[in-house]
Amino acid sequence: MLLDDATLLERCRQGDDLAWEGLVRRFQGRVYSVACHYMRNAEEARDVAQEVFVRIYERLEAFHGDQTFLPWVLRLSRNICIDTLRRQKARPRATEADVDPTAQLASPARTPEEASAARSARDLLYRAMDRMSDADREILMLKEIQGLKVEEIALLLKVPTGTVKSRCNRARLDLAERVRRLDPSYGA
Amino acid sequence: MACRTFGERLDDLLEGRLSPADRRAADEHLRSCAGCRELKSLVAEASVPVTPPADLLGAVLARTSGSACGSARTRLCDHIDRLLAPADDDLVRMHLDACGECAGLAARLARLAADLPPLAERDPGPRLVDEVLARTSRRPALPSRRAARFAAVWRRLAHRPRIAWEGAYVGSIIMVVLFGAANAPFADVPGRALVVVRAVQESLPADAARGEVPRIRLAVLSRWNAARALTSNLERRSSAAWDGLKKELGTVWGRFASGKATSGTNRTADTNEADRGDER
Ligand SMILES: [Zn+2]
Ligand SMILES: [Zn+2]
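For the record, the sequence lines run as chains A and B.
Take the first sequence: its letters are residues 1 to 188, numbered as in this note's numbering.
Take the second sequence: its letters are residues 1001 to 1280, numbered as in this note's numbering.
The set of hints was computed from the structure by calculation and includes no laboratory data.
The hints are all genuine.
On the chain A side, residues computed to face chain B include the following (Cβ under 7 Å): (1) Arg-25; (2) Gln-28; (3) Gly-29; (4) Arg-30; (5) Ser-33; (6) Cys-36; (7) Arg-46; (8) Ala-49; (9) Gln-50; (10) Phe-53; (11) Val-54; (12) Ala-121; (13) Glu-144; (14) Arg-172; (15) Ala-176; (16) Gly-187.
From a predicted model like this one, the values you see are computed outputs, not experimental measurements.
Ideal Cβ placement from N, Cα and C applies to all residues, glycine included.
Extracted from the complex, chain A is given alone in its bound form (with noise of 0.2 Å):
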């Protein structure tokens, strides 16, 4: 990596567009994931990327360099979320699921067979995850995928960290049975 997030943030502070555009690429993957993981349609996790991003720049100043920018910043993506689900509660959802899950970024594969290979696997875990009940999902996203510490999603979700532990391992064991329902290879 290049710039650590500090002095790009500084950078973007002081108006460096150049320094902006790098923090929306360096952020555009993470706060995409987590957009389609509580939308779970495409076109409304991009609209919803779109907006996190104005609003990410709108409150550069608020932030404080004390704290870490990226759970910031998926604390913020996830507020946007749900408050746009509550709003589109109304009216019912156009599509359901359409999120492509072989769409990639993070997948630094060397072969044509590594990237197959890792697709697939991505796949499965989509596949496996999109029947759990949204708390399981969610704590799974949270915790597993985005790497939050336990402390910063307890904060989050308003519970004890103890909670978040249990809550977490229980959704590890049933994914893992899920997934071995739809591959029984997996892991061996």
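Once you've looked at the hints, dock chain B with the ligands against the given chain A.
Chain B with the ligands only, in chain A's frame:
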């Protein structure tokens, strides 16, 4: 040799650790004692390892603590994440060595721990960056925090239904203070402005009109200074009239402030939460 002494030396006899004299004495006792012969053959048989029946452990657990798989699974994730204390970790390992089902589950969990983090990013396609930049970078330079806050407050105020009425009210008071009252600082400014307009309308030579400009500027400047002096005089003296006016203005401002407070609570809980999150 007595039976008791033989019993004590039986292990040594079987493992060949007895002295030749003790060994002779033991053999002599064996020949004469049927009970000790039986004991020797029993112990010798038992030391040959025998595989226990496959279902013995399960049967014992079923009649005692129940299956240990549940207990193993509550610790399996921490085992994968290497968060267990050494003793707990050894216990889980021992169970996994023996339990194929839990071992399979552990293998899947380990694979998940490797496969899930790469899902943290998804490619939103090439357009997103451009769309975001179009909505952000083209704005004037990043507004300062205070300016942004002022703009937000103003936006909220402007959305209130009575803003027009309140604006007109405050505006009128200011106009009266500046121009309307008998000794107001700008009381005769509109008259001077009229003079200029009339002068232009009467098509005076252009340079004559231009000559008027510095004089007007001077007049406004002196009026402005007079107004400043008047205000400070008034404040110093705290005349009753000025206090009344301040009270009027205070009431209006109070309404503004309460409006600001109520419009603040109109936002959704989650957006507020995001705000609070930002403040942390
Ligand atoms: Zn004997
Ligand atoms: Zn087991």
